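Number of protein chains: 2
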Amino acid sequence: MQTVSIAMLVSYDGEPFCGYAKQEGLLTVQGELENALRIIFRRDVPTVCAGRTDAGVHAIGQVVSAELFDRELSDRTLRSLARSINALTHDGVFVKKVVVVPRGFSARFDADWREYRYRLTYGNNRPMLTSPFTWWVKSSRNLDIEAMSLAAKYMEGEHDFKSFCVALSAVGKNTVRRVNSIDVYNESVMGENGIVVRVVGTAFLHSMVRTMVGTLVEVGSGRRDPNWVQNVIEKCDRRAAGPTAPANGLVFWHVEYKGLPNLFADSNQED
Amino acid sequence: MQTVSIAMLVSYDGEPFCGYAKQEGLLTVQGELENALRIIFRRDVPTVCAGRTDAGVHAIGQVVSAELFDRELSDRTLRSLARSINALTHDGVFVKKVVVVPRGFSARFDADWREYRYRLTYGNNRPMLTSPFTWWVKSSRNLDIEAMSLAAKYMEGEHDFKSFCVALSAVGKNTVRRVNSIDVYNESVMGENGIVVRVVGTAFLHSMVRTMVGTLVEVGSGRRDPNWVQNVIEKCDRRAAGPTAPANGLVFWHVEYKGLPNLFADSNQED
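Taken in order, these protein sequences are the chains called A and B.
Here our numbering is used: position 223 in the first sequence is 745, and no number is missing along the way.
Here our numbering is used: position 89 in the second sequence is 611, and no number is missing along the way.
Hints in this document: simulated from the structure, not taken from any laboratory.
Treat the hints with caution; some may be incorrect.
As the list makes no split between identical chains, a pair holds if one copy fits it or if it spans any two.
[Stated by the list, open to error] Derived pair list, reagent style DMTMM-like, types lysine to aspartate or glutamate, alpha-carbon separation capped at 20 Å:
(1) LYS660 x ASP613
(2) LYS619 x GLU714
(3) LYS675 x GLU778
(4) LYS675 x GLU714
(5) LYS660 x GLU714
Values in this document were obtained by computation on a predicted structure and should not be read as measured data.
Build out the structure end to end from the sequences listed, making use of the hints.
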C-alpha cells in the first residue's frame with residue numbers, strides 16, 4: 523500500500539497540558555493529537571514532533587509529522603483533516619495547517635534549526651494580560667539588558683551544554699549542541715513591558731533554554747558578571763548554572779527544515 | 523480634618539470579574555479595591571473610576587480616585603499603600619501606582635480623553651496565546667481593513683451615538699459624544715495576527731466601543747459598504763448598528779487628565 527507523509531503546524535497553550543509527550547492517563551498535546559487521529563482513521567497513527575516541550579511550555583510553531591495511507595486522504599482534503607482534528611482535541615491545542623511532505627519526512631530528524639522565545643518581566647508591576655506567557659521576576663530593580671546580551675555571546679556557537687541540561691537527562695549522552703544566535707530585547711505586548719530572549723539553535727537539551735534564561739537573569743540582575751557564563755559552560759555541571767526559568771514564559775516559536783522553506787506559507791489555510 | 527486626594531493606576535484581567543462596578547455578592551474590581559481599602563483604613567473609602575467596564579473587559583490603564591485623611595498617609599508611603607492593596611485583592615487586579623493629586627480630583631469627571639483598544643482576529647486560525655484578549659471572528663475570509671478604516675471615518679467627530687448604546691441605557695439621556703479618532707491596524711502579538719481598533723474620545727456610552735467594533739466588522743467582512751455607517755448614525759436606533767463585539771477583546775487602555783500630563787510617569791514605582 524502506498525503511503526503519504528504529512529506535517530501539521532500546531533499551536534498550543536501549555537497551561538492545561540502535562541507537557542507535549544504522551545503519558546498514560548494524563549492530558550498531553552501528543553495524546554490529544556493521536557487520540558483524534560485514532561478516531562478519524564480507526565487505527566493508531568504514530569506521530570513525531572519537532573521539539574518535545576515540558577509541562578506549561580507553549581507553542582505557536584510546533585511541527586508534527588505522521589505517515590498516512592494514500593487511501594486515507596482520498597476522500598478528504600488536508601483542510602478538512604485539520605478541521606476534524608480540531609473538532610476532536612482539547613481547546614488548548616490547534617492544528618493551523620496540514621501539508622504533504624516528502625515521503626519519510628520526520629519533524630524531528632529533518633529539522634535544520636529551531637527557535638524558542640522566552641518572555642519575562644522585571645520590576646514591581648505584575649503582568650496582567652501577558653501573565654499566561656511571562657515570567658514575572660519580582661524586584662525593585664530593572665534588568666540590565668546590555669549585560670544579558672554580553673553574557674549571551676558566550677553561549678553562542680558550539681559548546682558542551684551539560685551545565686544547562688537537567689542533570690539526569692545528561693547522563694551518558696552527548697551534550698554538545700550548536701546555538702546559532704541569542705538576542706535579548708525589550709518588547710511591549712498589550713501595553714505591558716517585557717524582555718524577550720530569542721534563541722536559535724540546531725537542537726536543544728532538556729530544559730536548556732530555560733536554564734540559559736535563568737542564567738542570563740543572574741547576570742541581568744547584577745548578581746553575576748557577563749563573563750561568569752564562560753565559567754558556567756566550562757564546568758559541565760548543572761550546579762554551576764543559574765536556576766531553571768519557569769515553563770510558562772517559554773514558547774516553541776519556529777522550526778525550519780532543510781530544503782523545505784516556507785513549508786506552511788500562508789498558514790491561514792483555505793479549502 | 524485635612525484630606526488628601528489620591529489616584530491609583532490599575533490593571534485587571536476582566537475574565538474573573540462581573541465587571542468593574544461593585545455588586546453585592548459578586549466579584550468585581552471596585553468591590554475588591556474598596557474591600558482592601560476598608561481593611562487598611564478601617565472605614566469605608568468610596569472610589570470613583572475613569573471608566574466603568576463591563577464583565578470580561580480588561581484594563582491596563584484604569585484610574586481610580588479616592589479621598590483619604592492626611593493622617594491615613596502619615597505612617598505609610600504611597601508605594602506601601604499600593605503593596606497593601608495588592609496583597610488584599612484578587613490576583614486578577616493590580617495597582618501599579620498610587621499618586622497624590624489636586625484636592626477634589628475625580629478620576630471620572632476630570633478626564634480629558636479616554637482610549638480603548640479592541641483586538642480581533644479573522645480567518646481559520648484560532649488564536650491561542652492571545653485568545654484571552656482577542657475576539658476570534660471565525661471565517662474563511664480576511665477582513666478588509668481599508669474598508670473598516672473608511673467606515674470608521676464616519677464615526678469620528680461629534681455625533682449622537684444612540685445607535686451604538688445599549689437601548690435601555692440610552693432612554694432619556696444625552697447620547698451625544700465626541701470621538702477624537704479611530705485607527706484600524708494590523709498587529710501581531712506573540713506570533714498571532716490580529717486587527718486592533720483603537721478608539722480615542724472624550725467619553726463613551728454603555729457598550730459604545732463594542733458596538734462600533736461590531737459595526738466595523740460588518741463592513742470589513744463585506745456585508746456592508748463603508749458609507750452604511752453614516753446611515754447607522756443617523757437612525758439613532760440600536761437596531762440599525764451591527765452586533766455588540768464580545769467583551770474579552772476590549773481593553774481600557776489609557777485616560778488623560780487636563781493639566782496633569784504624565785500623571786503616572788514611571789509607573790514602575792519605587793519606594
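Verification of the hints:
1. For a Cα distance limit of 20 Å, the shortest separation of LYS660 from ASP613 across copies, 15 Å, qualifies, whereas the shortest one inside one copy, 31 Å, does not.
2. Proximity of LYS619 and GLU714 under a CA criterion of 20 Å is satisfied inter-copy only: 14 Å between copies versus 31 Å inside one chain copy.
3. Taking identical chains as interchangeable, the C-alpha atoms of LYS675 and GLU778 are never at most 20 Å apart, the minima being 23 Å within one chain and 42 Å between chains.
4. Neither within a single protomer nor between protomers do LYS675 and GLU714 lie at most 20 Å apart by alpha-carbon distance, with minima of 27 Å and 29 Å respectively.
5. For a Cα distance limit of 20 Å, the shortest separation of LYS660 from GLU714 inside one copy, 14 Å, qualifies, whereas the shortest one across copies, 27 Å, does not.
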